[in-house]
Amino acid sequence: MQDKKQFGAFVRSKRGDKVLSIYWFLILFIVTGAVIYMASSFYGTPYDVRMLESHELGNQIANCLTSNGYFNDNALDSNFDENILSRCNLNFNVEDNYGWTNKSEYYFEVGIYGYNKGSFNLLGPQLADIRAGNPNLKTTWQLSTTSGESAVSGFFSNVLSAVSNFFTGKRKINTIVIHTTDGSSASGAIETIAKKDINVHYMIDRNGYIYSSAQPPAQFANAFVPEDQAASHAGCGIGSSALTSCSSLPASSGCIDKNPINSNGILDAKCQNLSNPPQSEWCCIPGFNSNSIGIELVNLGPLCTGINGGFCENSVLLDGYKWENFSNSPDQMNSLSTLVADIALRYKIPVDRDHIIGHYQITTYKTDPGPDFPWDSFLKEVKAKELILSAPSQSGTGDKNLPQGEMRSFYTVDRNGNQYVVQVLAIIGKVEKNV
Amino acid sequence: MREKRGSTLLTENIIFIILNVVFIIILVVFLISRISNASLTEEKYAKEIALALDAASPGMKITLNMSDAFDLAKKNLGEKNLDEMVSINRNIVTVKLQDGRGHSYSFFNNLNMSKPKSNYYPSQDNAWIFFVGGYNAR
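Residue numbers (my numbering), protein chains in the order written: chain V, 1 to 435; chain A, 1 to 138.
Think of the hints as simulated: they come from the structure by calculation, not from any bench.
Ideal Cβ positions, reconstructed from N, Cα and C, are used throughout, including at glycine.
Fair warning: there could be bad hints in the mix.
What the hints assert, rightly or not - Cβ pair distances, simulated, as ranges:
hint: 1; chain 1: A; residue 1: Y121; chain 2: V; residue 2: S86; range: 46 to 52 Å
hint: 2; chain 1: V; residue 1: L26; chain 2: A; residue 2: L64; range: 45 to 51 Å
hint: 3; chain 1: A; residue 1: T63; chain 2: V; residue 2: N222; range: 33 to 39 Å
hint: 4; chain 1: A; residue 1: G59; chain 2: V; residue 2: G306; range: 54 to 60 Å
hint: 5; chain 1: A; residue 1: K74; chain 2: V; residue 2: W24; range: 38 to 44 Å
hint: 6; chain 1: A; residue 1: K74; chain 2: V; residue 2: S78; range: 55 to 61 Å
hint: 7; chain 1: A; residue 1: S57; chain 2: V; residue 2: N79; range: 21 to 27 Å
hint: 8; chain 1: V; residue 1: W24; chain 2: A; residue 2: I35; range: 23 to 29 Å
hint: 9; chain 1: V; residue 1: L26; chain 2: A; residue 2: Q124; range: 50 to 56 Å
Could you put the whole structure together from the sequences, leaning on the hints where they help?
Put into structure tokens, the structure is as follows:
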């Protein structure tokens, strides 16, 4: 009888001699083979950077289409696409490597559209269609592409950053505060803000034009600061001084208690419900400058009281005052909702009344943006635009045997305030074999 | 008899252990050779440099730590040939860390990087420095 008794990794033969177990070595061979196969396939696969490359190509084209924060009008010239490679400092004429041929490894196309807030994808009529490189790459890419990660918001931010001086990570931003200038013109409001030595991040004129630190007025540029800096738009002080006590103001100011923080450093109970503040005092929640973005809307606010016509046409009588009607300025509201959607996306700010607030919610003696401000419809529009701007862009499959690319959209404005949506598709071929 | 059997057992066990160790050593040597393969490092740096140049703008100075590449180049090419580790010609970056053609990768940004000594060079601390002077003439 054959003795099958195991002794370590040996088995006994019929004669009683122990021989090396073939089973043990079989397992060892299988494990070794598997490790070698995995190592070979892992380290033999080309280091695929084409998605990053297509992203960079898209960035370069987008930067080429904008200048100092504005859309380049000459991108709509009829001969722009003929010279786009040299205009955008692109060189697709590379030496033949790995069988790649000239101009065959890159492709991009740019669609420039008017901005139509009424359409689902914000696209108006197509104004330009620019293409360069090897179009065959697009065919292969389209056949293989599935929806990928969202790149629209980031890209939108990159481009709008030229407009908004966008920086992230330098301060925690979780609130957007909407103000009104209570004045008739942007220039007057900017001058007032600058002379008070305070500032905001954005101001939107009635025609939808957005002032910011990236495109400040010639004078009074100090009225704006970039997003990475706190602006003094929602403080509890007057001007640049943050008051901590009414004692620093004369009695004639009527100030009884301007500081809602009591001696224990706790928000005074009587100020905790700002919707029902004490009659003889005003309350202010401090600290909003540090965590918020401030947007001013050029609007007369309650100053329409006693005024008819002009900006006060169709003014709204509320709380004993006549307010300039926001529905008179649809372009302004449109720019505001786009800007707020962009900011909310970038900083992941929830689109609700706790995070997108009026100045009056911080300081009880403030009224802006006023009781006429259409909060419900405005927030709905912001949410809709946020959905559009964050919609997944098409991107590559990650298959090393197929071209990789990325399609993204962004919004931009020209120096005349015309708004555009630009779609950029950038594809890289460069299929490499395993080594 | 018992002594003989014990001695046989010991020998067989030793042979078995030696064979296993040899197997494992071969496996580890294979893995290390794959990981520290100069061609992989060539490919990695050729593509990283190309990507960095794609994202570069005129006036930038890019410093890239390439310590592992320097080690391989010193070992395979000798210290005198370190200048040839990285070359950029007509929008192609070539990184060469061993005998052969090296690994090449193209970049699309039309930067003027045609003068190796003034535009990019190895630094003392095992890094390469790239100066982006400007775009090529249109």
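> Honestly, which of those hints from before does the structure not fit?
Replying inline: 1
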